[in-house]
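Colleague: Each chain, letter by letter, is given below.
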Amino acid sequence: MTNPPPQVHIDEPAAAFDFKAGHFTLPALMIRQDDIDALDAYLAAQVARLPRFFDQAPIVIDLGGYPADQPLEGFPTIVGMIRGYGMIPVGVRGAAEPLKQQARLLELAVMPDLRQRRKTPPPTAERAEAVQAAKPTTRKTLIVDKPVRSGQRVYAQGGDLVLLAGVSSGAEVMADGHIHAYGPIRGRALAGVLNDADARIFCNELGAELIAIAGRYQVNEDLPSRFMGRPVQISLQGDSLQFTAF
Amino acid sequence: MARIIVVTSGKGGVGKTTTSAAFAMGLAERGHRTVVIDFDVGLRNLDLVMGCERRVVFDFVNVIQGEARLGQALIKDKRNPKLFILAASQTRDKDALSVEGVGKVLEELAQDFDYIVCDSPAGIEKGATLAMYFADDAIVVTNPEVSSVRDSDRMIGILSSKSRRAEQNLEPINERLLVTRYSPERVARGEMLSLEDVREILALDLLGVIPESGSVLNASNSGVPVILDQESNAGQAYSDMVDRYLGGELPHRFITPEKKGLLGRLFGG
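Top to bottom, those sequences are chains A and B. Under this note's numbering, the first residue of the first sequence carries the number 120, and numbering increases by one thereafter. Under this note's numbering, the first residue of the second sequence carries the number 8, and numbering increases by one thereafter.
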């Protein structure tokens with residue numbers, strides 16, 4: 120059998136310095152309107168609800184839903200406010216060019232913006248034609264036929280992930296696209312990691328420690344109990360995970 | 008050319024050293040020249056369990072560092088002339104081990120022995136990774152208990168990626184599962200993970216099941232590998248395990264609750 124081996128990252132006693140691909144799931148704060156007072160109230164409520172989660176939490180400011188032609192004058196204030204609530208804004212995403220400049224001045228990273236969010240304006244006739252004319256990009260699927268053991272990580276970059284055996288507790292599987300698990304998922308499964316809200320997770324036996332699609336996640340305790348141990352399809356509706364039995 | 012077997016687990020205290028001693032003795036009893044090596048530098052136990060703690064002059068680290076010849080360090084077992092023990096150092100620490108050093112010693116041993124059993128320390132650090140690095144076979148020792156199962160799963164992952172065979176893209180290490188301290192009565196009462204649960208989670212071939220037995224403590228106290236106590240269930244189970252390793256097909260014993268006869272039920276026990 121000549122399947123390519125899964126990308127398994129195992130820590131080793133290595134060289135003194137090394138750049139490696141790091142994959143982080145960060146909360147993204149969506150800002151759709153220029154209303155500082157409302158944001159203040161919102162942040163206060165969120166932090167009061169989950170103080171430990173937000174304390175020193177790195178977050179990304181997502182401006183993809185903010186009108187591209189409108190300036191956001193309170194942007195520096197907003198950043199300061201977020202810091203004041205204990206969070207650590209590390210970057211922005213989906214910002215128009217002027218806002219990108221502001222972000223750089225505030226020493227925030229400009230995160231890559233690889234896919235359109237779901238709530239984009241309906242395509243015009245021109246765009247529709249352009250979409251049809253473009254060649255469909257092929258996505259390479261990663262197939263893993265051995266169990267993914269505790270402590271191992273598998274990342275299907277640029278495509279889907281097919282798991283023919285199980286994912287053990289303490290293991291982590293990620294895909295830019297969908298995850299198809301023919302065995303039990305007992306570890307963590309993250310689909311659509313580059314913010315592809317259309318990604319889904321299909322599994323034969325749900326028992327995961329954590330499920331995430333495009334960064335929205337639920338831990339084992341919060342998974343609906345009627346689906347535990349059963350075949351289930353998980354997708355994203357808006358900002359929440361949807362579970363459907365097969 | 009010798010076959011190198013590592014006895015490993017991840018979790019501590021599950022029965023690696025007990026198993027290494029019993030397994031090595033079992034192989035020697037069946038006529039194979041066997042050496043068992045303690046990789047737990049600084050916390051050596053194999054010599055105690057084998058009953059040779061009063062005869063250790065030179066150890067594994069001495070040989071690696073060229074302070075002694077292998078012949079000076081190897082201790083011949085008093086019960087079986089085909090069995091030898093290479094003790095760990097108690098005064099040094101794991102930094103004294105190196106891949107090259109271990110490799111050289113194993114190469115030398117491979118010329119004289121049929122089987123080299125490596126008793127791994129607990130954990131996934133240097134001692135454990137060196138113990139498994141050169142292995143051809145691995146016996147993953149697991150208690151039917153959640154932490155042990157998870158740690159074994161982690162160890163199986165490491166075996167498939169950090170061994171010499173994995174790095175050089177050779178045929179992978181042949182991993183087999185050994186479930187130890189199994190109590191079918193507790194499984195029946197729902198207190199303990201069943202064999203099926205463990206096999207389902209770990210997805211490995213089952214080499215054997217060793218029942219929980221007081222004879223194990225007696226054996227290590229007296230420095231006699233428990234496989235020599237053929238009246239005990241554990242000793243017999245280890246015998247079965249050695250035979251299975253050598254190719255025999257034996258059904259797994261001691262996995263169903265014992266049926267007590269009338270006298271047994273009247274008088275308990």
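Mixed in with the good hints there might be a few duds.
Unchecked claim - Below are the PhoX-like pairs computed for lysine-lysine, each with C-alpha atoms no more than 20 Å apart in a straight line:
{"#": "1", "chain 1": "B", "residue 1": "101", "chain 2": "B", "residue 2": "133"}
{"#": "2", "chain 1": "B", "residue 1": "111", "chain 2": "B", "residue 2": "169"}
{"#": "3", "chain 1": "B", "residue 1": "169", "chain 2": "B", "residue 2": "133"}
{"#": "4", "chain 1": "A", "residue 1": "139", "chain 2": "B", "residue 2": "169"}
{"#": "5", "chain 1": "B", "residue 1": "111", "chain 2": "B", "residue 2": "133"}
{"#": "6", "chain 1": "B", "residue 1": "169", "chain 2": "A", "residue 2": "265"}
These aren't lab readings, by the way, just hints derived from the structure by calculation.
Colleague: Take the hints in turn and mark each one as holding or not.
Modeller: Comparing the hints with the structure gives:
{"no.": "1", "hint": "101(B) <-> 133(B)", "verdict": "holds (7 Å)"}
{"no.": "2", "hint": "111(B) <-> 169(B)", "verdict": "holds (19 Å)"}
{"no.": "3", "hint": "169(B) <-> 133(B)", "verdict": "holds (11 Å)"}
{"no.": "4", "hint": "139(A) <-> 169(B)", "verdict": "holds (19 Å)"}
{"no.": "5", "hint": "111(B) <-> 133(B)", "verdict": "holds (17 Å)"}
{"no.": "6", "hint": "169(B) <-> 265(A)", "verdict": "holds (16 Å)"}
Checked against the numbered hints listed earlier, the structure breaks none of them; every hint is satisfied.
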